[in-house]
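Turn these sequences into a full structure, and let the hints steer you where they fit.
2 protein chains.
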Amino acid sequence: MFGALVFSSIERPVEDKLRRDMEVLKQDFLNQSCVNAASLELFLVKVMTANKYGVSVLRNSSVTSNWDLASSMFFANTLVTTVGYGHTTPLSDTGKAFSIVYALIGVPFTMLVLTACVQRLMFPLVLAPVGLLQRSGMEPRPATAVHFLLMLVLMVLCFFLAPAAVFSTLEVSWSFLDGVYFSFISLCTIGLGDFVPGMEPGQKYRQLYQVSVMVYLFVGLMMMYLLLRTFHKMADLHGLTTFLQLPRCEESDQDEDREPIVESKPDDQAPPYLNDKAASRPLEPGSQPSYNTINKG
Amino acid sequence: MFGALVFSSIERPVEDKLRRDMEVLKQDFLNQSCVNAASLELFLVKVMTANKYGVSVLRNSSVTSNWDLASSMFFANTLVTTVGYGHTTPLSDTGKAFSIVYALIGVPFTMLVLTACVQRLMFPLVLAPVGLLQRSGMEPRPATAVHFLLMLVLMVLCFFLAPAAVFSTLEVSWSFLDGVYFSFISLCTIGLGDFVPGMEPGQKYRQLYQVSVMVYLFVGLMMMYLLLRTFHKMADLHGLTTFLQLPRCEESDQDEDREPIVESKPDDQAPPYLNDKAASRPLEPGSQPSYNTINKG
Numbered sequence: 163m164f165g166a167l168v169f170s171s172i173e174r175p176v177e178d179k180l181r182r183d184m185e186v187l188k189q190d191f192l193n194q195s196c197v198n199a200a201s202l203e204l205f206l207v208k209v210m211t212a213n214k215y216g217v218s219v220l221r222n223s224s225v226t227s228n229w230d231l232a233s234s235m236f237f238a239n240t241l242v243t244t245v246g247y248g249h250t251t252p253l254s255d256t257g258k259a260f261s262i263v264y265a266l267i268g269v270p271f272t273m274l275v276l277t278a279c280v281q282r283l284m285f286p287l288v289l290a291p292v293g294l295l296q297r298s299g300m301e302p303r304p305a306t307a308v309h310f311l312l313m314l315v316l317m318v319l320c321f322f323l324a325p326a327a328v329f330s331t332l333e334v335s336w337s338f339l340d341g342v343y344f345s346f347i348s349l350c351t352i353g354l355g356d357f358v359p360g361m362e363p364g365q366k367y368r369q370l371y372q373v374s375v376m377v378y379l380f381v382g383l384m385m386m387y388l389l390l391r392t393f394h395k396m397a398d399l400h401g402l403t404t405f406l407q408l409p410r411c412e413e414s415d416q417d418e419d420r421e422p423i424v425e426s427k428p429d430d431q432a433p434p435y436l437n438d439k440a441a442s443r444p445l446e447p448g449s450q451p452s453y454n455t456i457n458k459g
Numbered sequence: 163m164f165g166a167l168v169f170s171s172i173e174r175p176v177e178d179k180l181r182r183d184m185e186v187l188k189q190d191f192l193n194q195s196c197v198n199a200a201s202l203e204l205f206l207v208k209v210m211t212a213n214k215y216g217v218s219v220l221r222n223s224s225v226t227s228n229w230d231l232a233s234s235m236f237f238a239n240t241l242v243t244t245v246g247y248g249h250t251t252p253l254s255d256t257g258k259a260f261s262i263v264y265a266l267i268g269v270p271f272t273m274l275v276l277t278a279c280v281q282r283l284m285f286p287l288v289l290a291p292v293g294l295l296q297r298s299g300m301e302p303r304p305a306t307a308v309h310f311l312l313m314l315v316l317m318v319l320c321f322f323l324a325p326a327a328v329f330s331t332l333e334v335s336w337s338f339l340d341g342v343y344f345s346f347i348s349l350c351t352i353g354l355g356d357f358v359p360g361m362e363p364g365q366k367y368r369q370l371y372q373v374s375v376m377v378y379l380f381v382g383l384m385m386m387y388l389l390l391r392t393f394h395k396m397a398d399l400h401g402l403t404t405f406l407q408l409p410r411c412e413e414s415d416q417d418e419d420r421e422p423i424v425e426s427k428p429d430d431q432a433p434p435y436l437n438d439k440a441a442s443r444p445l446e447p448g449s450q451p452s453y454n455t456i457n458k459g
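The listed protein sequences correspond, in order, to chains A and B. Residue numbering for the first sequence follows my numbering, starting at 163 and increasing by one per position. Residue numbering for the second sequence follows my numbering, starting at 163 and increasing by one per position.
Hints listed in this document are in silico derivations from the structure and should not be mistaken for laboratory results. Keep in mind that this is a model prediction, so the values were computed, not measured. We treat Cβ as the ideally placed atom computed from N, Cα and C, and that holds for glycine. Each hint should be verified, as a subset may be incorrect.
[Unchecked claim] According to the in silico footprint, chain B covers these stretches of chain A (three or more CB under 8 Å from chain B):
| # | region |
| --- | --- |
| 1 | 177-186 |
| 2 | 238-247 |
| 3 | 259-269 |
| 4 | 336-347 |
| 5 | 354-368 |
Shown next, in the form of structure tokens:
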């Protein structure tokens with residue numbers, strides 16, 4: 163909300179100026195007695211440049227701004243989720259600088275919130291169902307596999323196919339494949355920006371629509387992370403991460419190259435860095451000390 | 163490389179057709195005796211649509227294709243790294259479908275490669291320097307903080323400021339801020355696509371330039387992950403992750419909501435899912451069983 167207000171206040175005047183300039187340019191071009199190749203070329207260069215920044219010279223699209231509050235929120239949302247469609251981009255240097263600062267704070271914070279949400283969702287959506295499957299007599303490995311497949315099917319239904327159907331209804335020029343393509347490109351955070359909802363002229367409730375898409379993107383991303391995490395857990399259980407020598411989802415004490423960042427067992431000298439707290443807890447021989455011995459010891 | 167070849171073979175014909183259509187359209191428009199508002203509007207709609215797909219009607223930009231081998235590789239690279247500039251996007255339905263399949267395989271594989279690389283780089287770039295700082299008599303917490311700050315400064319110098327200087331030299335229309343903005347937006351994988359290197363007409367060694375940018379993106383992303391991982395480790399050591407109740411970088415046995423996905427201690431009945439291997443290793447009372455007891459037991 164704060165980001166949207168700042169973006170809106172920085173970019174709106176610049177956009178309005180560009181929009182007025184383009185109107186004048188178009189009128190001038192139309193008032194010419196006859197066009198030649200050179201003047202058309204010059205005109206088109208300017209039109210393209212304006213178009214790159216999301217300002218169109220077309221008559222019916224020039225009503226709504228790209229930097230009203232809902233659109234600015236949508237832009238800020240695509241920044242912090244790293245989707246980045248680029249359908250509108252900051253025009254001014256101030257806007258660009260603010261984008262950098264905003265993403266610098268916003269991206270890690272969003273990832274933090276998403277991680278925290280996923281962690282809270284792990285019990286009801288992953289641990290509890292897998293436990294249920296096991297109590298009904300399933301082996302642990304098939305249970306996690308069945309659960310993962312179920313989650314995958316539900317995910318594809320609820321976050322790819324259903325939204326694609328909605329988008330292909332709401333957007334006149336989108337086919338169903340376009341909808342699936344948009345959902346996929348968005349939830350992978352690729353965000354090419356060739357399809358962006360709410361950009362067609364004359365859409366009713368455009369602001370509400372943009373906010374809904376924002377909510378869809380956030381929840382969708384969260385579910386993607388949850389799915390990835392579930393897959394990582396399943397891969398751990400099936401020995402896949404060990405096979406590929408990758409970090410495990412839950413535990414990592416076994417790998418030889420994942421030593422603790424702090425050297426906790428110097429051989430021949432008294433450790434100069436062990437503070438009183440840590441020193442008061444003797445290291446057991448053969449135990450692999452880690453952060454915890456320093457944090458909690 | 164394979165993705166680039168497929169994208170190139172799918173999209174090149176479609177692009178060539180659109181390009182020829184645009185040429186004809188432009189000639190038709192120029193041959194009109196005089197333009198009026200309606201015909202200009204119609205012409206501009208078509209120009210804009212073509213422009214959205216990366217086909218420009220401008221004379222000097224129509225020489226190079228967006229789907230030659232280097233450009234296709236660049237596009238494939240932005241897909242799998244989830245940067246997704248969207249400066250060129252697939253035109254055909256086949257191209258869109260292939261993008262989905264390609265990203266579905268490519269994105270996880272790239273993340274896997276990046277994770278594996280980061281893991282191999284942890285020792286020489288993080289553990290060894292921190293160990294060195296500690297041996298020189300530093301406490302562990304300041305040592306990690308100093309090391310992180312050093313890495314951050316080096317990262318900003320080598321992956322933001324230096325490339326920005328290079329880009330602002332090579333690209334005629336980019337300022338230094340534009341270069342920094344591009345580097346930042348790219349390495350956060352936001353990829354707005356308002357600035358994309360190698361898109362200006364008449365650039366020499368364009369293909370080599372695009373491949374260099376690809377290498378820069380890949381190495382830059384790797385260093386970003388390494389920096390994030392280092393920060394995570396430092397946050398663990400300083401008790402920040404515990405404070406925020408987030409998953410720790412290395413260990414996670416302590417949190418009550420991070421139970422193992424597999425229920426390993428039913429109370430009153432013989433566990434039906436313990437296979438022979440796992441059963442042969444008795445669970446110690448009070449030990450917290452996890453994946454490993456099933457994998458390795």
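Practice task
Establish whether the coverage given for the region 336-347 of chain A by chain B is satisfied; the threshold is a Cβ-Cβ distance below 8 Å, and no fewer than three residues must meet it.
Solution key: holds (count 7)
Problem - Coverage claim, chain B over the region 259-269 of chain A, checked by counting residues with Cβ within 8 Å (three needed) - result: holds (count 6)
Problem - Stated coverage of the region 177-186 of chain A by chain B [criterion: 3+ residues, CB within 8 Å] - result: violated (count 0)
Handout entry: Cβ contact check, 8 Å cutoff: the region 354-368 of chain A against chain B, three residues minimum
Key = holds (count 3)
Handout entry: Coverage assertion for the region 238-247 of chain A with respect to chain B, Cβ distance below 8 Å, three residues required
Key = Satisfied; 6 residues make the cut.
Checked against the numbered hints above, the structure violates only hint 1.
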